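Given chain F's structure and the hints, the job is docking chain Y onto it.
These protein sequence lines map, in sequence, to chains F and Y.
Just add 294 to wherever you are in the first sequence, counting from 1, and you've got this note's numbering.
Just add 225 to wherever you are in the second sequence, counting from 1, and you've got this note's numbering.
Be a bit skeptical, because a hint or two may be false.
Claimed, not checked - Below, computed lysine to aspartate or glutamate pairings styled on DMTMM-like, alpha-carbon distance capped at 20 Å:
1) Y:K404 / F:E307
2) F:K417 / Y:E438
3) F:K368 / Y:D272
4) F:K368 / Y:E438
5) Y:K256 / F:E307
6) Y:K293 / F:D413
As the list claims (entries may be wrong) - Short derived list, chain Y residues pointing at chain F, Cβ under 8 Å:
7) A266
8) P269
9) Y270
10) R273
11) F274
12) Q384
13) F434
14) H435
15) I444
16) N447
17) F458
For the record, the hints were derived by calculation from the structure and aren't laboratory data.
Nothing here was measured: the structure is a model prediction, and the numbers come from that model.
Think of the CB as a built atom: it goes at the ideal place given N, C-alpha and C, for glycine as much as any other residue.
As a plain string of letters, each chain reads:
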Amino acid sequence: MSDTMQFDLVCPERLLLSVRANAVQIPGSEGNLTALPGHMPLITTLRPGILTITSSDGDQQFLVTGGFAEVGEKVTVLAEKAVPRADITQEEYNNMVADAENFYNQAQDNFVSEPGPVDEAAKMLSDLVAVGDEIGLKD
Amino acid sequence: MPSLKDLKNRIESVKNTRKITKAMQMVAAAKLRRAQEAAEAGRPYSDRFNSVIGSLAASFRDSEGAPKLLSGTGNDAVHLLVVMTAERGLCGGFNSNISKLARQHGNDLSAAGKTVKILTVGKKGRDALRRDFGEKFIGHVDLTQVKRVGYSDAQSIAQDILARFENNEFDVATLFYSKFENVVSQVPSARQIIPASYEGTDSEDNGTFHVYEPDEGAILANLLPRGVATQIFSALLENGASEQGARMSAMDNATRNAGEMIDKLTIEFNRSRQAVITNELIEIISGAEAL
Numbered sequence: 295m296s297d298t299m300q301f302d303l304v305c306p307e308r309l310l311l312s313v314r315a316n317a318v319q320i321p322g323s324e325g326n327l328t329a330l331p332g333h334m335p336l337i338t339t340l341r342p343g344i345l346t347i348t349s350s351d352g353d354q355q356f357l358v359t360g361g362f363a364e365v366g367e368k369v370t371v372l373a374e375k376a377v378p379r380a381d382i383t384q385e386e387y388n389n390m391v392a393d394a395e396n397f398y399n400q401a402q403d404n405f406v407s408e409p410g411p412v413d414e415a416a417k418m419l420s421d422l423v424a425v426g427d428e429i430g431l432k433d
Numbered sequence: 226m227p228s229l230k231d232l233k234n235r236i237e238s239v240k241n242t243r244k245i246t247k248a249m250q251m252v253a254a255a256k257l258r259r260a261q262e263a264a265e266a267g268r269p270y271s272d273r274f275n276s277v278i279g280s281l282a283a284s285f286r287d288s289e290g291a292p293k294l295l296s297g298t299g300n301d302a303v304h305l306l307v308v309m310t311a312e313r314g315l316c317g318g319f320n321s322n323i324s325k326l327a328r329q330h331g332n333d334l335s336a337a338g339k340t341v342k343i344l345t346v347g348k349k350g351r352d353a354l355r356r357d358f359g360e361k362f363i364g365h366v367d368l369t370q371v372k373r374v375g376y377s378d379a380q381s382i383a384q385d386i387l388a389r390f391e392n393n394e395f396d397v398a399t400l401f402y403s404k405f406e407n408v409v410s411q412v413p414s415a416r417q418i419i420p421a422s423y424e425g426t427d428s429e430d431n432g433t434f435h436v437y438e439p440d441e442g443a444i445l446a447n448l449l450p451r452g453v454a455t456q457i458f459s460a461l462l463e464n465g466a467s468e469q470g471a472r473m474s475a476m477d478n479a480t481r482n483a484g485e486m487i488d489k490l491t492i493e494f495n496r497s498r499q500a501v502i503t504n505e506l507i508e509i510i511s512g513a514e515a516l
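For reference, chain F alone in the conformation it holds in the complex (with noise of 0.2 Å):
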């Protein structure tokens, strides 16, 4: 068994990293998990969190919103977002907290009769002010 494994990581507009990697650290919807080579074959939900990328070069963080990661030779994360940890601003997450509010707001008005999509986006509001605090930006 080789010690590295492709891993991708695709957003809807581009193909944002392609490398071979030793681990992957995935901010999976149920908790954290780090897939390394040989991981069971496994398909998971993303919650917002820090994706941590460890390759021969060091590691990548990257903060993902959404979507999901399918573990299995490769590893594939298709996120909705993504953005380089380094790259994140102050004024960058207040815009996706704001967009988070947004959407939690108008899922209060559109799912009037179904608690479920209501639930999901006031989770990911939380989840998303949590990553704020872990990378030490306010809301």
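Same frame as chain F, but now just chain Y:
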């Protein structure tokens, strides 16, 4: 017989037209390259997405608790046609081809006794369909201000559609856009997005057993709305590339036609100039002879 001055003016104005169409062609070529790159870059995401959701959907399609986005509402009385066109004209048959396909589709559905609702994306489609389906419009998405379509644009369209679906405003949604084959050929196409029709891609993933976290049903319920956004996004990208391709070839034709016209007019101009000179000479000579 137009005078020399008239001809000269005509030639000048056709030359100006040619300059404009030539410039538009070059702008479209540059934009086309960018649009093609964007469409190219968006492909990995939608491919991966569709293959995962395809294999998930295949196992869920017939089961009881399948989400409505996948199995449908159980009837197909109300159809939503999402017509995506450009915001600008001067791109050959691009807009009218999409509108034509949508109109035909709408007429067929009406003839079959279904209710048709229309959501337009892009000004030109709305203008083209207003006469026939004006009272069936339920919304319009304006992308005039959008320089470069991003995923967020697709997301907001998808949210609009999903909210309408949630309120039982329609049963089936179909997307009308133009598929980009190559620079000279764009194929107007229709794609059903709700209920989702994913072909079971059982090529490579077949046999691999995945662990799902959370369970398959929850993942599917999470992914299906995103799937709508993804499909809209790829349709928007394809449409963007098609529009520029269509405009480029239309403007290429226009430039060539203007060139031909200039040649013809120049010959006519030279002839009549010659005729004027000859006329003058005859007058002078006959005047001299009369003395």
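The hints, checked one at a time:
no.: 1; hint: Y:K404 / F:E307; in the structure: holds (18 Å)
no.: 2; hint: F:K417 / Y:E438; in the structure: holds (17 Å)
no.: 3; hint: F:K368 / Y:D272; in the structure: holds (16 Å)
no.: 4; hint: F:K368 / Y:E438; in the structure: holds (17 Å)
no.: 5; hint: Y:K256 / F:E307; in the structure: holds (17 Å)
no.: 6; hint: Y:K293 / F:D413; in the structure: holds (19 Å)
no.: 7; hint: A266; in the structure: holds (4 Å)
no.: 8; hint: P269; in the structure: holds (5 Å)
no.: 9; hint: Y270; in the structure: holds (5 Å)
no.: 10; hint: R273; in the structure: holds (6 Å)
no.: 11; hint: F274; in the structure: holds (6 Å)
no.: 12; hint: Q384; in the structure: holds (7 Å)
no.: 13; hint: F434; in the structure: holds (6 Å)
no.: 14; hint: H435; in the structure: holds (4 Å)
no.: 15; hint: I444; in the structure: holds (6 Å)
no.: 16; hint: N447; in the structure: holds (5 Å)
no.: 17; hint: F458; in the structure: holds (6 Å)
The structure agrees with every numbered hint stated previously.
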